[in-house]
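> The residues making up each chain are set out below.
2 protein chains.
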Amino acid sequence: MSRESYWITDPADLLRVRDGFELSKADSRASPGFDGDKQAGQAALAEGAVILAELQEQLFAMSRMGDERRILLVLQAMDTAGKGGIVKHVMGSVDPQGVHFAAFKKPTPDELQHDFLWRIHQQVPGAGMIGVFDRSHYEDVLIGRVRALASPEEIERRYAAINEFEAELAATGTTIIKVMLHISRDEQKARLTERLARPDKHWKFNPGDVDERLRWNDYAAAYQLVFERTVTPNAPWFVVPADRKWYARLAVQHLLIDALEAMNLDWPKADYDVAEQQRRLAAS
Amino acid sequence: MSRESYWITDPADLLRVRDGFELSKADSRASPGFDGDKQAGQAALAEGAVILAELQEQLFAMSRMGDERRILLVLQAMDTAGKGGIVKHVMGSVDPQGVHFAAFKKPTPDELQHDFLWRIHQQVPGAGMIGVFDRSHYEDVLIGRVRALASPEEIERRYAAINEFEAELAATGTTIIKVMLHISRDEQKARLTERLARPDKHWKFNPGDVDERLRWNDYAAAYQLVFERTVTPNAPWFVVPADRKWYARLAVQHLLIDALEAMNLDWPKADYDVAEQQRRLAAS
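Chains L and B, in that order, give the protein sequences.
Under full-length UniProt numbering, the first sequence has 190 at position 190, and the numbering climbs by one with no breaks.
Under full-length UniProt numbering, the second sequence has 235 at position 235, and the numbering climbs by one with no breaks.
Incorrect hints may appear among the rest.
Note that identical chains are pooled: a pair holds if it fits in a single copy or bridges any two copies.
What the hints assert, rightly or not - The calculated lysine-lysine pairs, modelled on DSS-like cross-linking and capped at a C-alpha distance of 25 Å, are: (1) K204 - K269; (2) K269 - K105; (3) K269 - K201; (4) K38 - K106; (5) K105 - K25; (6) K269 - K38; (7) K201 - K25.
The hints are simulated quantities; they were obtained by calculation from the structure and are not laboratory data.
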């Protein structure tokens, strides 16, 4: 919060999933911690972009001097909730060199030959990077559960496997931020309707989107279970209201800034003799 | 050029390496095809960013409908020439989802166990992506030659291996754009001096940068050989004057726009019945 002037209350506190959280009671149109309108939100996003970019560069710089820390942002949501917009408008303000992006779609036959975490492990961010997962290992307990793609026992096993996996990432220097972008059923209908109305958006629509939409309540229940089983001290979940795209972007940007500020980053000290190198350079 | 209003002559024509090209005679401070100043160049870059972003989204969209085409931008240069700035300021305006970035540093022991193209193959862009290589397989005939990291016979073999590799990429839908950012020895000295003068830039400096600088002429000769051996019809080289950062960024942005425009992209047609999906959605 120290460098961002536009929040009235820290949204990280307000959006964090705590004991007793009920997704069914969460407001998808609210803007917790922010009392401005869309225009103010967009101005704040631009202000935050400068802050985020500098912090990211420091994270990246410190990794060059041996710092092992990194960030993993997990994005989960129903279709159209705005994962792509987060990537474009929040991560888009950061140097692409420092971002590792991975989208997890329906597993390939090759991926299905392995444990569900196999393909995930391959995409975890390296030191100094901000990793972004567009969908993730959580699909294996979301669509996996709703569509019964694995046995109930296997689904149960996965929550524990996920917690262990994330604990290992945290232990090796990863700050994990798990975000569910929360939209209402009506808002999704409006967004899918727009995609079908615009030929330049047709490619973003898939008939399967309607199939999944028909299971809305099953997905809501599966998300509720995810929160109950996989909120851990080092891998919190945040439910971000996403009916207003500008708010969701601003909130996720803040979660990243917040995580970076907690690292007490600075420009790393040179590990060579600066004066000596200045002499060598002058003579070259 | 059709959508960019700010060029007086197509820089792709002016910067392309042709028979008889001599690096030693290339002006690193020129701004071929552009007659404005830095401010005009920055305004043009912002204008081009909008064009590039739309074309990239179309490339990405078409891949979702089975189009196999993709772009590979190879960036090579002496230290401080501005590769990082290209990534940040040119690629930074594009949706991160559609960019695959790979930096090739000193090979690891694991990488050295394999043929020099092994690690490169793993990073080639998928369909619909713009791949960006910050350094590349060309290091193996640049520092490889200058530092005699392989036998002369092996270095010779590599040019042909590179040409075959790139021909294969081209045959499978990759538009290859190879860029050498060309700075002068004096400009490099000024930039390295600045890095040493600013504590927030110390992490970007490495004493080895001065070692390589002392081999300036050997590198120039190695680049000249690269141009003579690896300019092929489907994998051209462009030498981009880079003493003025704003010009180099604008020129590389143009090379990408130019490649995308040559693809005659458009929004893909829906592969489903739009009216039927509209009815299903309305009922959902």
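> For each hint, tell me whether it holds in the structure or not.
Now the hints, each set against the structure:
1. K204 - K269: between (46 Å within a copy, 11 Å between copies)
2. K269 - K105: between (41 Å within a copy, 22 Å between copies)
3. K269 - K201: between (48 Å within a copy, 10 Å between copies)
4. K38 - K106: neither (35 Å within a copy, 47 Å between copies)
5. K105 - K25: Answer is neither; intra-copy 29 Å and inter-copy 50 Å both fail.
6. K269 - K38: neither (41 Å within a copy, 33 Å between copies)
7. K201 - K25: neither (32 Å within a copy, 49 Å between copies)
Comparing the model with each numbered hint stated earlier shows that hints 4, 5, 6 and 7 do not hold.
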